[in-house]
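There are 2 protein chains.
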Amino acid sequence: MEAGRHLGGVAVREALALDNLCTMDVHKLFAIKPGTKVRLLNFDPGDTGEFSDKNAAVAATVENVKKLAEVQLKLFAENKRALLIILQGIDTSGKDGTIRHCMSGLNPAGVTVTSFKKPTEHELDHDFLWRVHQCVPGKGEIGVFNRSHYEDVLIGKVRKLAPAAEIEARYDHINNFEQLLADSGTIVLKFFLYISKDEQKKRLQQRLEDPTKNWKFQPGDLEERKLWPDYIKAYEAALSRCSTKSAPWFVIPSDKKWFRNLAVSQAIVDTVKAMKISMPKSMLDLSAVKVV
Amino acid sequence: MEAGRHLGGVAVREALALDNLCTMDVHKLFAIKPGTKVRLLNFDPGDTGEFSDKNAAVAATVENVKKLAEVQLKLFAENKRALLIILQGIDTSGKDGTIRHCMSGLNPAGVTVTSFKKPTEHELDHDFLWRVHQCVPGKGEIGVFNRSHYEDVLIGKVRKLAPAAEIEARYDHINNFEQLLADSGTIVLKFFLYISKDEQKKRLQQRLEDPTKNWKFQPGDLEERKLWPDYIKAYEAALSRCSTKSAPWFVIPSDKKWFRNLAVSQAIVDTVKAMKISMPKSMLDLSAVKVV
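As you go down the protein sequences, you meet chains P and Y in turn. When you line the first sequence up against the working numbering, it's residues 1243 to 1534, in that order. When you line the second sequence up against the working numbering, it's residues 1243 to 1534, in that order.
Source of the hints: derived by calculation from the structure; they are not laboratory data. Possibly wrong hints are sitting among the right ones.
When chains are identical, the list treats them as one kind, so a pair holds in a single copy or across two.
Derived DSBU-like pairs (lysine-lysine); straight-line CA-CA distance at most 35 Å [as the list claims (entries may be wrong)]:
#, residue 1, residue 2
1, K1518, K1270
2, K1360, K1518
3, K1381, K1518
4, K1532, K1270
5, K1360, K1523
6, K1402, K1359
7, K1515, K1532
8, K1532, K1455
9, K1360, K1322
10, K1523, K1458
11, K1518, K1439
12, K1439, K1296
13, K1455, K1523
14, K1360, K1443
15, K1455, K1275
16, K1518, K1475
17, K1316, K1296
18, K1475, K1322
19, K1444, K1381
20, K1402, K1296
21, K1279, K1468
22, K1279, K1316
23, K1359, K1316
24, K1360, K1402
25, K1316, K1523
26, K1279, K1523
27, K1270, K1498
Here the structure is a predicted model, which is why all the values come from computation and not from measurement.
Chain P extracted, bound-state conformation (with noise of 0.2 Å):
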């Protein structure tokens, strides 16, 4: 039966039996403790923490998704609390292949990944948050955001998208949405994936010379890239002002993909942990039931 252990439901009542291939301590070594005034310098894109070996992490990474999913069904059955992660980076730093590491393997019924691109007019008639609302996880449900409502304190802010005092406001805004969710029974999880300038070079020289990389490119990316001092300061204060109790923010060094989706991975794995899932009891007296 080996054939089946990757099949999310197969794996769950395997997963118990997994050893902890990762013991590093993701919260204490990457999360921003509230308050924390947030310098990117002191800051090392390239950290793999205890790890040299890429095949180490690799493997770890994917004993945290079989573990991830079998809480997953946990999470469902329980029907009472949700997991919202949200993904930012600047462009390059491997959002999309986060998703993809971290999350291929689990049930895609419980989980729906956001992908917030450009906002539409209509979008645009409302505040910030509104269709940002609209797409965070019900009960039970795991939710991604590829992007999100930060976007408007980064891109807003470097592109002066909005008046600086409306921009400055959002900071606040932001706080106060995360801590409804946060209230409601949704966990919420931030990460910040972090990449040298160095590393984006590689990366979009790679999509120009890589054919089946070739579609991935976009010129607006260099533009964007003349502006890296811009967005450094604005995820600074955005990581500055808005990582809390209930919504922490943390900063994944991202250099190396197989260090970013492991740390990603081993976060999201010691946090439901700590939520103790576990699955419910019936409301019903089942006993007195006959199917005939």
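Given the coordinates of chain P, assemble chain Y onto it according to the supplied hints.
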């Protein structure tokens, strides 16, 4: 790198080297030819085709999921066509399990699963296709419907939830709607998970007896079970009238879960193979671009 094989993206590069563990022609065996008058008595819900061995079927299913993960990335990059998978079946027939087994392993960023429940007041204020239309997959996406607009000619017909003439008109509306999707580049596959009445009894009893399955038990299922012959008739009408070349119905023998999973995954893989999706070329002249 064995450990990385099952992580969607990583699996892609290895998928082409896979064997063909299942050569069963699911279209020929289980697709309903347009115009056929379907009698479910002529189908065996316990059929397992050429497979007597559960292990072999599970291995072939895993292989199919890997193939599908490979095609998924191309479908996304191509950004031209979509795939819509519709699952219908009497209570306990295994719609959830089919999704878990056939879809876990895909990148959830490209898969949207919609479970249609009893319509809300707001939904009932619109035509029966309104809420469904909003959930069809966009270009490059895979959509899965757990129940669908067919409920409106199934429970709708059995429970007389609308005037008979209105329900009668729905078959044509459904065919027109699915033709619209097909004309817009969406491949539609519809699976009726066919179980026997005895098998349903067994599964309902399991939900009562197994504490880990108690949460799935709904007293309403027993009421629906009493209407078994009416549901069979309603399914026969839908299968007879709405299996078209561009949106075929399959009657999947589903008493054996492992065969059900294999047959559904095989039908999907055969379909996407016939789509001949390839990585798109960039429309831009990338040779002139410099990253600085």
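Going down the list of hints, with the structure as the test:
no.: 1; hint: K1518 <-> K1270; result: within (20 Å within a copy, 48 Å between copies)
no.: 2; hint: K1360 <-> K1518; result: between (38 Å within a copy, 31 Å between copies)
no.: 3; hint: K1381 <-> K1518; result: within (16 Å within a copy, 39 Å between copies)
no.: 4; hint: K1532 <-> K1270; result: neither (53 Å within a copy, 40 Å between copies)
no.: 5; hint: K1360 <-> K1523; result: between (44 Å within a copy, 24 Å between copies)
no.: 6; hint: K1402 <-> K1359; result: within (17 Å within a copy, 44 Å between copies)
no.: 7; hint: K1515 <-> K1532; result: neither (37 Å within a copy, 46 Å between copies)
no.: 8; hint: K1532 <-> K1455; result: between (59 Å within a copy, 16 Å between copies)
no.: 9; hint: K1360 <-> K1322; result: both (32 Å within a copy, 20 Å between copies)
no.: 10; hint: K1523 <-> K1458; result: between (47 Å within a copy, 10 Å between copies)
no.: 11; hint: K1518 <-> K1439; result: neither (40 Å within a copy, 38 Å between copies)
no.: 12; hint: K1439 <-> K1296; result: within (22 Å within a copy, 52 Å between copies)
no.: 13; hint: K1455 <-> K1523; result: between (49 Å within a copy, 9 Å between copies)
no.: 14; hint: K1360 <-> K1443; result: within (24 Å within a copy, 51 Å between copies)
no.: 15; hint: K1455 <-> K1275; result: neither (37 Å within a copy, 41 Å between copies)
no.: 16; hint: K1518 <-> K1475; result: neither (37 Å within a copy, 46 Å between copies)
no.: 17; hint: K1316 <-> K1296; result: both (31 Å within a copy, 26 Å between copies)
no.: 18; hint: K1475 <-> K1322; result: neither (38 Å within a copy, 38 Å between copies)
no.: 19; hint: K1444 <-> K1381; result: between (41 Å within a copy, 30 Å between copies)
no.: 20; hint: K1402 <-> K1296; result: neither (41 Å within a copy, 60 Å between copies)
no.: 21; hint: K1279 <-> K1468; result: within (25 Å within a copy, 65 Å between copies)
no.: 22; hint: K1279 <-> K1316; result: neither (37 Å within a copy, 43 Å between copies)
no.: 23; hint: K1359 <-> K1316; result: both (32 Å within a copy, 21 Å between copies)
no.: 24; hint: K1360 <-> K1402; result: within (14 Å within a copy, 45 Å between copies)
no.: 25; hint: K1316 <-> K1523; result: within (12 Å within a copy, 43 Å between copies)
no.: 26; hint: K1279 <-> K1523; result: neither (45 Å within a copy, 45 Å between copies)
no.: 27; hint: K1270 <-> K1498; result: within (20 Å within a copy, 47 Å between copies)
Consistency note: the structure conflicts with the earlier hints numbered 4, 7, 11, 15, 16, 18, 20, 22, 26.
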